[in-house]
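Asks: So the chains spell out like this:
Protein chains: 2
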Amino acid sequence: MTGRLVVIGGDAAGMSAAMQVRRRQPDREIVVLERGGWTSYAACGIPYLVGGEVDDAEELVARPPEVFRSEHDIDVRLGWEARALDLDRRRVEAWDAAGSRTVDVDFDELVIATGAAPVRPDLPGVDDPMVHGVQTLDDGIRLLAATTGVRRAVVVGGGYIGLEMAEALVRRGVQVTIVEAAPQVMSTLDADVAAPLADAMVRMGIDLRLETPLEAVEDGGVVAGGERLPADLVVLGLGVRPIAGFAADAGIEVGVRGAIRVDRRQRTSAEGVWSAGDCCESFHLVARAPVHVALGTVANKQGRVAGVNIGGGYATFPGVLGTAVTRICDVEIGRTGLSEAEAERYGYVCVGASIEADIKARYLPDVRTIRIKAVAEAGTGRLLGAQIVGEEGTAKRIDVLATALTAGMTVAEIVDLDLGYAPPFGSVWDPVHLVARRLARHVDATPTS
Amino acid sequence: MTGRLVVIGGDAAGMSAAMQVRRRQPDREIVVLERGGWTSYAACGIPYLVGGEVDDAEELVARPPEVFRSEHDIDVRLGWEARALDLDRRRVEAWDAAGSRTVDVDFDELVIATGAAPVRPDLPGVDDPMVHGVQTLDDGIRLLAATTGVRRAVVVGGGYIGLEMAEALVRRGVQVTIVEAAPQVMSTLDADVAAPLADAMVRMGIDLRLETPLEAVEDGGVVAGGERLPADLVVLGLGVRPIAGFAADAGIEVGVRGAIRVDRRQRTSAEGVWSAGDCCESFHLVARAPVHVALGTVANKQGRVAGVNIGGGYATFPGVLGTAVTRICDVEIGRTGLSEAEAERYGYVCVGASIEADIKARYLPDVRTIRIKAVAEAGTGRLLGAQIVGEEGTAKRIDVLATALTAGMTVAEIVDLDLGYAPPFGSVWDPVHLVARRLARHVDATPTS
Chain A
523 MTGRLVVIGG DAAGMSAAMQ VRRRQPDREI VVLERGGWTS YAACGIPYLV
573 GGEVDDAEEL VARPPEVFRS EHDIDVRLGW EARALDLDRR RVEAWDAAGS
623 RTVDVDFDEL VIATGAAPVR PDLPGVDDPM VHGVQTLDDG IRLLAATTGV
673 RRAVVVGGGY IGLEMAEALV RRGVQVTIVE AAPQVMSTLD ADVAAPLADA
723 MVRMGIDLRL ETPLEAVEDG GVVAGGERLP ADLVVLGLGV RPIAGFAADA
773 GIEVGVRGAI RVDRRQRTSA EGVWSAGDCC ESFHLVARAP VHVALGTVAN
823 KQGRVAGVNI GGGYATFPGV LGTAVTRICD VEIGRTGLSE AEAERYGYVC
873 VGASIEADIK ARYLPDVRTI RIKAVAEAGT GRLLGAQIVG EEGTAKRIDV
923 LATALTAGMT VAEIVDLDLG YAPPFGSVWD PVHLVARRLA RHVDATPTS
Chain B
523 MTGRLVVIGG DAAGMSAAMQ VRRRQPDREI VVLERGGWTS YAACGIPYLV
573 GGEVDDAEEL VARPPEVFRS EHDIDVRLGW EARALDLDRR RVEAWDAAGS
623 RTVDVDFDEL VIATGAAPVR PDLPGVDDPM VHGVQTLDDG IRLLAATTGV
673 RRAVVVGGGY IGLEMAEALV RRGVQVTIVE AAPQVMSTLD ADVAAPLADA
723 MVRMGIDLRL ETPLEAVEDG GVVAGGERLP ADLVVLGLGV RPIAGFAADA
773 GIEVGVRGAI RVDRRQRTSA EGVWSAGDCC ESFHLVARAP VHVALGTVAN
823 KQGRVAGVNI GGGYATFPGV LGTAVTRICD VEIGRTGLSE AEAERYGYVC
873 VGASIEADIK ARYLPDVRTI RIKAVAEAGT GRLLGAQIVG EEGTAKRIDV
923 LATALTAGMT VAEIVDLDLG YAPPFGSVWD PVHLVARRLA RHVDATPTS
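Going down the list, the sequences are from chains A and B. Just so we're aligned, residue 523 is where the first sequence starts under our numbering, counting upward by one. Just so we're aligned, residue 523 is where the second sequence starts under our numbering, counting upward by one.
Check the hints yourself; a few may be wrong.
All copies of an identical chain are treated as equivalent in the list; a pair is satisfied when it fits inside any one copy or across any two copies.
Said to hold, decoys possible - When the alpha-carbon atoms are kept at most 25 Å apart in a straight line, the in silico SDA-like pairs for lysine to any residue are as follows:
#1 LYS882 / GLY574
#2 LYS882 / ALA792
#3 LYS882 / GLU793
#4 LYS882 / GLU749
#5 LYS882 / ARG893
Note that these hints are calculated values from the structure, not bench results.
So that you can see chain A by itself, here it is in the shape it has in the complex (with noise of 0.2 Å):
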């Protein structure tokens, strides 16, 4: 198909689709809609920019618009947020909320990367001014700019973007309190590896309140778990929501958490309609199920399949393994595959193990720690998934697991592994095959038949 494409959403998987097709297609007319006022930026360094470890928004931007309309021959514009979707006419019905109007514009094919929304609870309060959400970067601007003056932020949810928002406000002298509904922070770790990272939080000063869900915003405060808690600043850290209702309303084939469903070709349920990102679903390797991930990593990926198909080309998404790392403090969190408790929740027999392990010989200075957990499905030894916690140089270890977990291995073959050793970089035997190692003893234990 050829004609006109329409991107919807100008970050990072729209403008890689657009790329792609443009790379492939030199004369194709090619339109982005932007709601924002930037393309192709790093949402995950806004905590950086509101800490203060990056001084200006503008350095999160990998290509600005000018690039992609001089350079690149693409049509961006911004500020035109898509709300209406027609199929039989190909036409996307866009608003301009700087000039209170709505434009219609005309598609051969459409590529949908609308991404996704801080989630907002139903709860009194909740669009005061002095709630913020964190996902784009228009976003980030306006909490930096509100973080001016304040004195106590509280932060909603103890996941990802909860705990590096609470570091952020911190590193600017903020008082943090951290208001978590569930008994542990970060869900998608087992709460074992979880405890560790908790106990950073602590000793940086923050406020950490876990099983104590918001309930209110108030004047000058919030009030969770029953109490009152003072703030000038709430900040949003309750995960996203894809932003896909106008698709679904227009008939799009929608899945987990209202997320647009795509084939491995990133084609959506309408004939020259695709998606990518944040706002579709993807599949999940292990599980063997469709999930909703919004990750950049994810969202480039599937950007540049679908421009690539958009182009006539072949590439296909293959899946995710919900790979995540982070550091928060002195703390570095990685994690892959599922956890124990997804496994379960999965259906699968699985047992767990953890080992502690220095990532240097222990006869030389400075020496740091990993502890990694790793599950296996009973009877198989196959690997499920594995998590991290550790020092500095630890986090991105978990890439090693990540990459055996892509390949199906099981614990014994883990152990094989032939992976690089020197003293500087750990001991004979590596953590990962440590936690193998551990994970093939219990494995042989476990009674499958």
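Put chain B on the given structure of chain A with help from the hints.
Replies: Just chain B now, with coordinates in the frame of chain A:
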């Protein structure tokens, strides 16, 4: 089989085997003959002992002989070197250098874990007392003692041990010259990857002389490349050869470089005789050929496999990738699989590609750089090997590629890997993705039929 187990060699491979047998056979008689004065030590730590980062040789010992004797009932006998082997009479002849005598030690089963010895070229003066090889902990202690008062040293050979020893001597305040016969350092790396390492050596003030073969050792110096270089100390870094002559003399089959041939359970060609570690061969998983790799990681794994099998269990050692990492000055190096030159030698038609990337988002302070070169088979796109050179925190990324290599992944499959990302750890596209993407383009462009 049961009866007396004799293990020749009390370092990584030998003691791993002994301990695995002890775990499975609590009452079995186990005798270990060790030619040196130590057991289970980290030979890879010797450069850090010589360089002063480790204060005491004993810190490099993981488990001393007393512990094996008292806690594990293993009869460790120090100072005995195996000289001859009588397979019919099931007997080892051992030589006690200190007492100038030999004894015969009977065995029912035998593990040969004699390790390797530094290559000493057959050149005039090479037996001069100022010439040191570095392999055993005793070698390291002698060398450390010999550095006192040394002003100028010549290191012969620019491989791992040569470069590590050169750096250690510089830390001791010694003026160091490296003489290397080849036109590059680190022959296990492709020339383009090795070049930045050579630059780092020069920046550290080392006089690096390539294409400069050692010709002779003389009073007060060496002759290399036709020139006389003054030196009070000469360190050999020309690699090692397996200590396996006595086994070959007894009729045990040997292979590459005279290393003992073993099957995947670490059995030699002789009934009831096993071998593990630097004295025996390994199977290279990419070259599909036996190789001789003298590394502590391999020795530990092979020793464990031998011990499990001797103890009545079943374990196999599938093979190696030649994975290695090291840190020289401020440069980290990693490699796995075949270099481009090696791949061609083994008959592969291959393509290579390199990328340079940051291991932190470019908008954060203190960004470090990684360079990855990867090699893939033309046509199939299957990964054959990879090499890393970079700043702190880069070398261990080689493990991701080693794992992908073990799984037989293509570069297209590597592009799809779900690797961890957050701004403190890099960009949305991991360096591993980037090199795979670049390589994928080259693979596609290579005509194969």
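Asks: All hints are to be evaluated individually against the structure, with a verdict given for each.
Replies: Going through the hints against the structure:
Proximity of LYS882 and GLY574 under a CA criterion of 25 Å is satisfied inter-copy only: 16 Å between copies versus 31 Å inside one chain copy. Proximity of LYS882 to ALA792 under the C-alpha cut-off of 25 Å is found in neither arrangement, the shortest distances being 54 Å within a copy and 39 Å between copies. Proximity of LYS882 to GLU793 under the C-alpha cut-off of 25 Å is found in neither arrangement, the shortest distances being 55 Å within a copy and 40 Å between copies. Within a single copy, LYS882 and GLU749 get their C-alpha atoms no closer than 46 Å, and across copies no closer than 40 Å, so neither meets the 25 Å cut-off.
For the homomeric pair LYS882 and ARG893, the shortest alpha-carbon distances inside one copy (14 Å) and between copies (22 Å) are both at most 25 Å.
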